[in-house]
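A.B. asks: If you read the protein sequences in the order shown, they are chains C and Y. Its first residue numbered 0, the first sequence is counted upward by one per residue in numbering that gives the first Met the number 0. Its first residue numbered 0, the second sequence is counted upward by one per residue in numbering that gives the first Met the number 0.
Among the hints, erroneous ones may be present.
[Said to hold, decoys possible] Residues of chain C placed beyond 12 Å of chain Y at every Cβ, according to the derived structure:
1. PRO287
2. GLY390
3. PRO392
4. TYR481
5. LYS505
[Said to hold, decoys possible] With beta-carbon atoms standing in for the labels, derived distance ranges:
6. C/ALA587 / Y/GLU262: 42 to 48 Å
7. C/ALA587 / Y/GLU5: 53 to 59 Å
8. C/THR572 / Y/ARG247: 38 to 44 Å
9. C/ALA587 / Y/ALA257: 33 to 39 Å
10. Y/ARG247 / C/ASP150: 46 to 52 Å
11. C/GLY501 / Y/ARG253: 56 to 62 Å
12. Y/ARG247 / C/ALA587: 28 to 34 Å
13. C/ALA587 / Y/ARG253: 28 to 34 Å
14. C/ALA587 / Y/ALA223: 30 to 36 Å
Calculated from the structure, these hints are not laboratory results. C-beta atoms are modelled at their ideal positions from N, C-alpha and C, and glycine is treated no differently.
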Amino acid sequence: MGFLDPGALYYLFALIPALALAYLVRERPRRVVVSSVLAFRALRARRGQRFGGWPRPDWMFFVEMLIIGLAVLAIAGPYVTRKGNPIAVVLDDSAAMQAAAASGRTRFDAARDALKDALGREGPGEVSLYLTTPQPHRAGPPFASAADAADALEHLHPADAPSDQTALSVLLGGLASDTRLRRVIYAGARPLAAPVPPRIEAFAASDPLPNYAIGSFVLRRESLGQAALHARLTVANFSPAAQTLHLAITGDGKPVGHAQAHLESGQIGVIEFPNLAPAGVYRAELTPADGFALDNVAWATAGAVKSISILFVSPTPADAAGLDGLPGIAVRVASPTSFSPKDLAAADLAIFEYAVPKEMPPINTLLVMPPPGDPVFGFNIQPTASVEITGWPPTGPLTDSVNFRLLNLHGGEYLGQHPWLQAIVTGSGGALMLAGERSGHRLVALGFNPFPYLGRQNLPMSVLTLNSLSYLAGFGAETGGYHTGDPWIVPAGVDGIVPPDGRKIKVTPGMLFTDANFQGLYQLISSDGAKSTRAVNFANLRASDLENTPAMKIEATGSGAMAEVAPRRASVTHDFILAIVALVIFEALIAYRRRRPMVTV
Amino acid sequence: MLGLPEEFTPDFLARLEHLRIKTRREFEGLGRGSHLSPRRGSSLEFSDFRHYALGDDFRFIDWGLYGRTDKLYIKLFKEEEDLLTYIFLDASASMGLPEADRKFPMAVATALAFAYVALAQGDRVMIRVLAGDGKASTPGFVYGRHRIVELAQRLGAVRPAGQLDLATALARELVSVRRAGKVFVISDYLMMINSVTRGLGLFTAANMDVTVVQILGGSEIAGAGLTGDVELVDAESGERVMASIGNREREQYRQTLARLSREIRTFCLRHGLHYTLYTTDLNFHDFFLRATADFGLRH
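For reference, chain C alone in the conformation it holds in the complex (with noise of 0.2 Å):
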């Protein structure tokens, strides 16, 4: 062992000599005088005098002198020399290694074996080990031999997530090229293309299998203030043979629907589910049943079914009348100085008149004559007393049955191009209504004012504006929702999220949410203690092809010559940290709460 600060060491001499006379001075006894020791003398634990105030020889005392004498070891950088070349492992973690075969045998357990056959015929070495999942990582510092490794493997299992295959092949080039490493092994769900670079040793688990998947689980609204739900769900048949497939669907645990389709070998297919009843979670189940059962099940909520609740945000509350006779719409109304972006999260969708948010609203958002200057959204804004639409796409969701012939604007304002929203409606001085969709939520901003709602007295504007809803009151993007290992932001006002294993993750509004790297439902929960649930679902069909799995080329440089390996120094700096963390945490438990002898002579 050596130290990195050897002159650290000259402490230790300085101060435990310090030490020592101050203990010395400190235990001194004070000497009185009394009439008789008779009592005292029945107190007495120890019979025996102490000569001139030496130390008590309490152990307490060496306890604390190793203490500091650890820190100032763990001060002087302590390290043992290591030799041996290293080891790599890769051990492939994704979602495809869940794959059984028909023995029950998983892909993962035959990795695994394989891999604790191929370091039990290592030699001495550290070995790193490597996961997959979600991104390509080394789990933990490396290991201090091949068995230590071993036994590390047990406890890893699959995550239901896809591995990125380009930063795989990345990982697997980069450990190859590096001479000092002398061998690396790797398992996983996808072969090595040819030519293996020679310094990797490659198990391939990747037997092919039949599977049924399905793609994708998508519910949308069939129509703005219905209640009933449209489901699309992509289904596919990996097989070598035809199959009827069946799915069948459950919305909080009651079936709601099923349907069957016939699909050939390496077919995808899509099932339509028309208005579906009402429910908080819907799980769609394949049949029949497989090797991979991750891909079998799929899951998506509905969140606000039975009603839109739409946050009004105004200076002018009175514009928001006429939009509470909409069937199944709820209005909530606000002031722009009493709103809050906790507000949001009891809304599906918002509106915001003559106002805009400090910060991108994490729920589908209608802006209406945005004020110019706003940081958030950057519009160009030119405000204008005479408003002429000179342009409109004749179909799409916004502008389907909308007569704009008949729109009487009296004034607005021209919102100019913008990096990310698309122009729908265009007047003689530019857009007068973007749409488009940002953080998976959609946006549209409209240059005039359409509120308040009039019904029938004001069809044209009455049309727009339920198109302008329907498209918004649908959920979110259609991206098919959250996928397995991909991560997500935070919404606002949510400050813990339960994921299906059940324990609490703290997290903060705004940040990367990085931990869903399993299926199933992720409840997120407000600080004021509402709870929403979302959906996560593996989802991928590529990973869900078990029959013909492409093999992976890794590049890499260098004739594959393995370095000479100088002797590693390695630091043991923190085994004298916890070492130190042991003995104060044991001197406080055990030490400070024993009955203290009586007398100690």
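The hints should help you fit chain Y onto chain C, whose structure is shown.
C.D. replies: Relative to the frame of chain C, chain Y by itself:
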């Protein structure tokens, strides 16, 4: 006042005047006094009859008995003599500590109070100082209440010092005791119990009427001022004890001290000795006047 301790106020002296020493048996005195003596004498206390002899004072013939028995009997009466009072005062070094408790001044005041009671009743008093700094030269028996001033001055010059073995010291004093009488032994009794019992046992064996007064300091009993790691030095023997004193240890010390006092008290009760404990945090007047029965005094 006249060299007397400050506790000796006129009121206190007046109340002491009304007290007298009560003994459990009759002792022979050296002169006439107010205590019944085993000797026959001329008091009003009837003692016995004896046959009339020629020369007897026929005023003492019991004529009623003569009428019934037709024989002459002379009535005998007890003699009233003074009581020899011995006061032994512990002036060893332990009596001087803790100084704030004023153990020795209170012991002197107690001794003088006993002496005054005896002198006021016409008894003879001998005060002997055990240990001390050697400057004490107390006379033999003193007689007459005016001698209280002299005793106070002599005891006022004594400073507690030295080591005391009670058994040895009392054995030495017993040699000089001419006649049995009332004995007061005033000490803190912070010594081995066998030394106490052997010393007091000498006086009980000599048919003395013994009153034991134990004086302890208030802070001494509480163990006040002793906290943490201390090296305790015995004021008499110089013995050292290292101790880490906390609340628990202090409580154990108090219990030990109480047990020592209890053992002395038990010994006294078993052997017919009066026993009284005085802690100096109590008012001296209240203590003394309320404990008269325990001292063996009566009004």
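A.B. asks: Could you work out which of the previously given hints the structure breaks and list their numbers from low to high?
C.D. replies: 12
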